[in-house]
Structure formats: structure tokens, C-alpha cells
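*Asks:* So you can see what is in the structure, the chains are spelled out below.
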Amino acid sequence: MAASLVSSQPEEISAAQYVGFDSITRQIEHKLLKRGFQFNVMVVGQTGLGKSTLINTLFASHLIDSKGRTEVDTQPKQTTEIHALSHVIVENGVRLKLNIIDTPGYGDNVNNEGCWDPIVKYIKDQHSAYLRKELTAMRDRFIPDTRIHCCLFFINPTGHTLKPIDIVVLKKLAEVVNVVPVIAKSDSLTLEERAIFKQRVMAELQFNQIRLYPFDADELDEEELQLNERIRDMLPFAIVGSEKSVIIDGKPVRARKNRWGVINVEDENHCEFIYLRNFLTRTHLQDLIETTAQIHYESFRSKQLLALKESSAKNQQSAATASA
Amino acid sequence: MSEGYYDNAPHSPSANGNGNGSLSYNGDGRSSAVTSPNGGNDTLISSRAISPSAYPVKSEPGVGINGSATAPAQQQPARKKLASWVGFSNLPNQVHRRSVRRGFQFVAMVVGESGLGKSTLINTLFETKLYQPKNIPAPGEDRGKTVQIESISAEIEENGVRLKLTVVDTPGFGDFVNNDESWKPIVDNIEARFDAYLEQENRVNRLKLVDNRVHACIYFIQPTGHSLKPIDIEFMRRLHTKVNLIPVIAKADTMTDDEISLFKQRILADIAHHGIRIFQPPQYENEDEETIQENEEIISKVPFAVVGSDSLVSSPDGRQVRGRAYPWGVIEVDNEDHCDFVKLRQMLVRTHMEELREHTNDVLYENYRTDKLKAMGVAQDESVFKETNPAAKQAEERAMHEAKLAKMEAEMKMVFQQKVQEKEAKLKQSEEELYLRHREMKDALEKQRQELEDKKRRIESGRPLTPEKGSQKKRFGLGK
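For the protein sequence lines, the chains are A and B, in the order given. Residue 1 in full-length UniProt numbering sits at position 1 of the first sequence; the count goes up by one each step and never skips. Residue 476 in full-length UniProt numbering sits at position 476 of the second sequence; the count goes up by one each step and never skips.
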């Protein structure tokens with residue numbers, strides 16, 4: 001995490017005897033374990049694409065309920081109802097505070113103009129809340145981090161290409177948050193169709209200059225760069241989610257059972273769920289949090305502070321001209 | 001049986017083909033004694049018999065439904081007994097030959113968001129590559145702002161029967177950010193086709209009627225697994241009175257069995273809740289068991305969960321089937337266990353294509369026509385519908401006739417009077433004239449006489465010659 005100096009690097013010397021400062025890693029770990037980690041993920045996509053199911057599958061627990069409309073007289077949800085659900089998951093003594101933000105009603109109406117505004121506003125609100133807490137004179141020792149670290153964008157598996165509304169929303173979202181696109185319900189595409197669809201989607205995203213996570217930075221070493229390359233080749237992830245278990249070869253696995261076959265969610269040949277899970281939780285979890293803080297938050301912060309400075313300068317000017 | 005008379009009228013307006021033809025004469029018909037509705041003395045025996053094929057059996061001469069004495073007050077046509085085989089039971093075959101000669105026309109419309117497999121399904125249904133692979137717009141290419149209407153036609157033939165199939169596609173439906181009014185071009189197109197047919201009907205020469213009206217509209221529902229989306233409900237509400245709606249669940253290989261059945265339930269609940277009328281295969285009383293059962297099966301599967309595929313894949317047991325091959329299995333399109341495609345094809349092509357056409361013609365088109373003509377101000381002549389009772393009508397007519405005659409008589413009398421008066425007046429006038437002339441003449445004569453008297457005295461007194469003699473003599477002649 002320390003920024004490496006571009007100019008003269010101090011010489012590396014090894015001590016004559018074992019000092020013992022390498023235990024700092026364990027000290028940090030101990031501290032962090034006590035504090036726990038915070039991870040905020042947002043899911044964006046049309047109703048019925050399997051967002052809630054995927055979250056439940058990712059974290060292997062029933063965290064959120066599907067928000068589909070099941071009764072005839074309930075109204076379809078509006079996008080203004082963005083709520084965050086909090087859960088704490090424990091694994092090997094590591095506490096993960098998980099915030100899941102669902103966006104019901106996105107893209108469901110007949111007229112979807114502006115349905116992305118509440119979402120972008122929510123993301124910016126989290127940044128601004130953090131900024132305000134940071135800027136107060138007497139601030140807490142540890143500011144609770146509600147900024148969105150990752151946004152999973154669900155693409156409809158049409159097999160053709162991205163819809164106009166998807167392109168607009170992706171553009172807006174990529175500016176404020178780390179966006180990871182996934183192809184929902186990919187069990188409706190055969191492997192050839194999947195490959196063609198992915199190509200088209202990536203071409204569309206590149207044409208519209210939408211920056212997708214993972215970003216490359218200077219300090220990454222060879223291995224990490226290669227890993228990022230591999231991830232980028234696989235984007236968008238073609239996934240299938242399932243909370244139900246099916247017995248395959250004597251072991252219960254999460255799968256979907258049809259009359260003509262069983263789709264094993266954890267099988268790499270069937271879908272790319274494993275890659276997504278590893279990407280999100282095993283390799284890039286820390287990086288996601290860091291990127292949010294260092295890139296998205298910083299740009300928001302600088303914009304806000306510059307605007308503040310300008311407005312205060314203007315106020316001073318007008319006050320001066322008024323008094324003069 | 002409770003019915004007094006065996007009903008001759010068709011059960012529904014669209015049952016003309018089947019309704020009349022399904023009466024048949026069978027040797028072992030059931031019979032029962034019923035009283036005539038008149039409550040009169042006649043007891044009538046009516047036998048009701050239906051043959052298994054619902055068609056009249058040709059080789060049954062001499063058996064018929066016993067005639068019933070029609071009371072003059074009833075309006076049923078007289079039932080006559082056949083003495084020997086006439087042969088009009090061959091009528092359906094003649095209709096069949098004529099229809100085959102003419103060929104059939106069918107127009108289907110497919111509506112749904114892009115990427116739901118509409119073109120593939122059409123190709124699968126009619127086993128022909130009607131739709132070429134779609135041209136996907138490149139990134140940044142303009143995709144248009146409104147729903148387009150495109151139609152493709154093909155003439156296909158099977159066993160000598162020609163079908164002119166037209167498929168109307170609606171690319172762009174539901175694809176924009178703002179989908180308000182996206183049904184408007186579709187509704188306009190359907191109504192334009194109705195208008196074109198209406199205009200054809202009003203032409204002077206109506207021999208060649210081309211039927212381009214939309215007979216069926218297949219609506220593709222996205223397999224969300226929850227329920228209908230607002231755009232689905234909005235679209236169906238606007239179109240169910242203008243076209244036969246057949247909703248299908250697209251790409252049904254995404255869902256498991258439970259999900260499909262739950263989804264279907266919710267869709268039907270939504271449709272009922274909003275009062276949307278989708279196409280229901282009509283049930284007739286005279287159908288045979290097999291057909292009734294087929295119909296019930298079809299109805300139970302609505303909306304159909306379909307999968308389309310126009311390419312062949314190898315199934316796990318080595319056969320070449322139409323289907324989709326996944327790493328976890330192969331789904332066969334033609335397998336009834338896997339999806340409802342077979343049922344959809346059955347309903348659309350094999351059993352109910354004619355029903356769809358008839359319903360469009362008899363109900364949907366007629367409603368549209370009535371509304372349109374009313375809107376144009378054409379008044380309905382209600383007197384056409386009054387019930388006609390012959391005796392009453394005759395009396396009425398007679399009364400009317402007599403009234404007319406009386407009126408004519410009065411008129412003539414008046415005219416006569418008038419003429420008489422005129423003549424009288426004229427005669428009087430001429431009488432007076434004559435009288436006047438008579439008096440004048442008399443006066444003139446008197447004057448002449450006086451003059452003559454004078455002359456006479458003069459002559460007796462002196463005898464002067466006057467040139468008036470000649471003329472006097474003449475006058476005397478004239479005066480007398």
C-alpha cells in the first residue's frame with residue numbers, strides 16, 4: 001500500500017540478526033480481524049434476471065429475497081425504493097460485514113427514462129456522506145464505510161447485443177463505481193451463442209468507451225497484470241445461480257435440474273460462476289475496496305472540494321463587491 | 001331429452017362448416033318421445049344421432065329424422081324424410097375440393113422484445129427458413145426510434161394444399177428506453193389491414209378478395225419467472241379486441257418445471273385480473289371424444305412454454321433431432337416432455353388455423369366494421385330486424401293497401417270536384433258571353449228593323465233611289 005518513490009530508492013540492507021519486525025503483518029491481521037471487514041455490493045438489472053439468487057449463491061447463504069411480483073394486485077416496484085440490507089458473515093474467524101443494495105424496478109416500466117438517476121444519486125450520496133464525516137473537525141476514529149465497492153450489472157441473455165438502456169446506464173455507472181458486467185441466466189445460451197454474445201457486448205462497451213473494472217495500475221506486478229488480463233478476457237461472466245442443491249455423484253452441489261439435464265453451478269464447463277466468485281471474493285476483494293477509496297472517491301472528493309472552493313471564492317468576491 | 005325440436009341452427013356463428021355437417025343419420029339412433037312446444041296433441045319422435053367422424057355417413061339411405069308437423073306458428077323449416085339416397089352428403093367433399101383449389105391464406109404477427117427467439121420460432125413452426133439470420137447492428141449504428149413493421153410472405157405446399165403464409169414482424173418493440181406508444185404502429189397496421197378488407201368488400205367487382213388481415217398474434221413473454229411486465233400487460237390490453245392473442249413463454253429452456261408451472265399460473269392470473277381475452281379454442285358439443293380431449297390438453301398448457309431451433313443436433317441416444325445442445329444436456333424441440341412447442345404447432349397449424357381465421361372474420365372484423373361504420377354515421381335500419389308473422393303481416397298489408405286505396409279515392413274525388421267546378425265556371429262564362437252576344441245581336445237587329453221601317457216609309461212616301469238598297473237586301477238575308 002505504500003507508494004513507491006519514483007526518485008532514488010533507498011538501498012535495501014538486511015539486518016545482521018533477526019529483529020522481528022516481520023510480525024507486523026500478524027499484528028495488522030490481528031487488528032483487522034477484530035475490526036472486521038466491510039464490503040458493499042450493488043446489483044443492477046431488470047426484474048427476473050436472477051440478481052437475488054446470484055447474491056445468495058455467491059455467499060452461499062440466503063441473504064436477500066427475490067423482489068419479483070407474485071400477486072396480481074401488487075404494483076410493480078419503483079426504482080426509488082433502493083434499500084441496503086446488512087449481514088455479517090463469519091468464516092474462519094474473519095468477520096465480513098456485507099451490505100447488499102438491490103435496485104428493484106430498474107428497467108421494468110414502459111417508459112424507463114431516468115430510471116438510472118436514483119441509482120447514481122445513491123452512489124454519490126454514499127460518497128458525500130463519507131466526505132462529510134471526513135471533513136468534520138471532530139471526526140470518529142473509524143468512519144463506517146458505506147461507499148459502494150462493486151456494482152454487478154446484469155445483462156439480459158438475448159444473444160444479440162446490448163440494449164440501448166443498458167448502454168446508457170453502464171456509461172453513467174462506470175464513472176462513479178467499479179462495474180462488473182455479468183450475463184444473467186446464461187443457461188439459455190449454447191456455448192457458441194455465448195461466445196458470440198460476449199464478443200458483441202465487449203465491442204459495444206469498447207465503442208462507448210466504458211471503463212470496466214479491473215483497472216491496471218503501475219504498482220501491479222507481472223502476476224497480477226496477467227490475472228487482470230485473464231479476467232478481462234472473460235468479461236462479462238456468464239453465470240447461473242441456484243440456491244437449491246442437487247445430488248451429483250453422491251455430493252450435494254448447487255445446481256438447476258431440468259428434464260433434460262442438470263446444470264451444475266460450480267462446474268466450470270457449465271458456467272463461469274466459479275470464476276466470478278473467485279474474482280470477487282478470493283482475489284480482488286481487497287482491491288475493489290481500495291480502488292473505490294483511491295480512485296472513485298478521490299475523484300468525487302476533488303470535484304466537490306474544487307466546487308466548494310470556487311463557490312466560497314465567488315461568495316467572497318460578491319461580499320467584497322457588495323461591501324465596496 | 002328435454003328439447004322438443006332438434007335444433008337446426010348452428011351453435012355458433014363460426015360453426016357453419018361443422019355444425020350443419022355433423023348431423024348424420026344412423027341406423028341405431030336413439031329416440032325419445034317428447035311433446036311439441038305447442039302443447040298440442042301431436043307427439044313427436046325425434047332421434048338424435050351422431051356418427052363418430054362427425055360427418056354425415058354417405059351410405060345410409062332411407063333413414064331420416066322423422067318429420068315433424070310444423071305448426072304455422074313455428075318458424076322451423078319442415079323436416080322431411082328421405083325416401084332414398086340423394087347424395088348431398090357429398091357437400092363437404094365439394095367444399096374441400098374448392099378450398100384446395102383456391103389455396104389458403106394465413107397471416108401471423110409476432111411481437112416481443114428482441115432476442116426472445118421470434119424468428120427462430122417461426123422458422124421452426126413452418127419447417128422452412130422464412131427468416132434469414134438477423135443483421136445485428138454494429139456498435140454505434142443507429143437503431144431507429146420507432147417500432148418498424150416488416151412482413152415476409154412465402155407460398156408453401158404440402159400434399160397438394162397450398163398455403164400463402166405471411167409473417168409480420170415488429171422489430172424494435174420494447175427495445176427503447178422509452179416504450180410508450182410502442183404498440184401504436186402495431187395497432188395502426190392491424191387496423192389498416194381491416195380497412196383494406198372493408199374497402200375491398202365495397203368494391204363493385206368482388207370476385208377476388210385478398211385476405212390480409214392478421215389472423216393470429218403470437219406474443220412473446222420474457223421468462224423472468226415472476227409475472228407479466230407492465231409493457232406486456234399494456235400491449236395485451238390494447239390488442240386483445242383487435243386480434244387473436246396467443247401468449248407464449250419464450251426461451252423456456254431457462255426454467256425448471258416448477259418455475260414454469262408457477263409462472264404460467266401467475267401469467268393467467270394477471271391476464272384474468274386485467275380482463276384480457278386471449279384466444280381460446282372453442283368447444284363444440286358435437287365433437288368426438290378425441291377432439292375434445294385434444295382441445296382440453298391444449299387449453300391446459302396455455303400459455304405455451306416454447307423453445308425454438310432450426311438446426312439439428314445429436315441427442316444423447318444418437319438421434320438427430322431439432323434442438324439445442326448444452327454441455328449439460330440436449331433439449332429437443334419436438335419432444336412434448338421438454339417443451340410445449342408441439343402443442344403450439346398443433347393449435348396454430350394443425351387444428352385451429354381455420355378457427356383463428358374464422359374468429360378474425362366473424363367476430364373481430366365485424367366488431368371493427370360496426371364501430372367504424374357507426375363512427376361514420378351510417379344508421380342501422382332497425383325495421384329489418386322486426387319479427388315477421390305472416391298472417392299479421394298480410395292483415396297489415398291489406399290494411400295498408402286499403403288505406404292507400406281510400407286515399408287515392410279521396411284524392412280522385414277531389415280532383416273530380418275541382419274539374420267539375422272549373423268546367424261549370426267555364427260554361428257559365430261562355431253562357432253569359434253567348435247571352436251577351438245574343439242581346440247585342442238582338443239590338444243590332446232592332447236597329448236594322450227600324451232602319452228598314454224608315455226606308456219603307458220613305459219609299460211609300462217618295463221612292464228615292466238609295467244606294468243602300470242592295471245592302472239592305474243583303475242585310476235582310478243575314479238578319480233572318
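It is possible that part of the hints are untrue.
With a Cα cut of at most 30 angstroms, we get these calculated DSS-like pairs of lysine-lysine [to be verified]:
no.: 1; chain 1: B; residue 1: Lys-145; chain 2: A; residue 2: Lys-257
no.: 2; chain 1: A; residue 1: Lys-171; chain 2: A; residue 2: Lys-97
no.: 3; chain 1: A; residue 1: Lys-257; chain 2: B; residue 2: Lys-264
no.: 4; chain 1: A; residue 1: Lys-172; chain 2: B; residue 2: Lys-301
no.: 5; chain 1: B; residue 1: Lys-264; chain 2: A; residue 2: Lys-244
no.: 6; chain 1: A; residue 1: Lys-303; chain 2: A; residue 2: Lys-314
no.: 7; chain 1: A; residue 1: Lys-244; chain 2: B; residue 2: Lys-301
Hints listed in this document are in silico derivations from the structure and should not be mistaken for laboratory results.
*Asks:* Against each hint, give a clear statement of whether it holds in the structure.
*Replies:* Hints versus structure:
1. B:Lys-145 <-> A:Lys-257: violated, 41 angstroms
2. A:Lys-171 <-> A:Lys-97: It holds: about 29 angstroms lies between the C-alpha atoms, which stays within 30 angstroms.
3. A:Lys-257 <-> B:Lys-264: With Cα atoms ~19 angstroms apart, Lys-257 of chain A and Lys-264 of chain B stay inside 30 angstroms; holds.
4. A:Lys-172 <-> B:Lys-301: violated, 43 angstroms
5. B:Lys-264 <-> A:Lys-244: This hinted pair holds, its Cα atoms lying about 21 angstroms apart.
6. A:Lys-303 <-> A:Lys-314: Within the cut-off at roughly 16 angstroms; holds.
7. A:Lys-244 <-> B:Lys-301: holds, 26 angstroms
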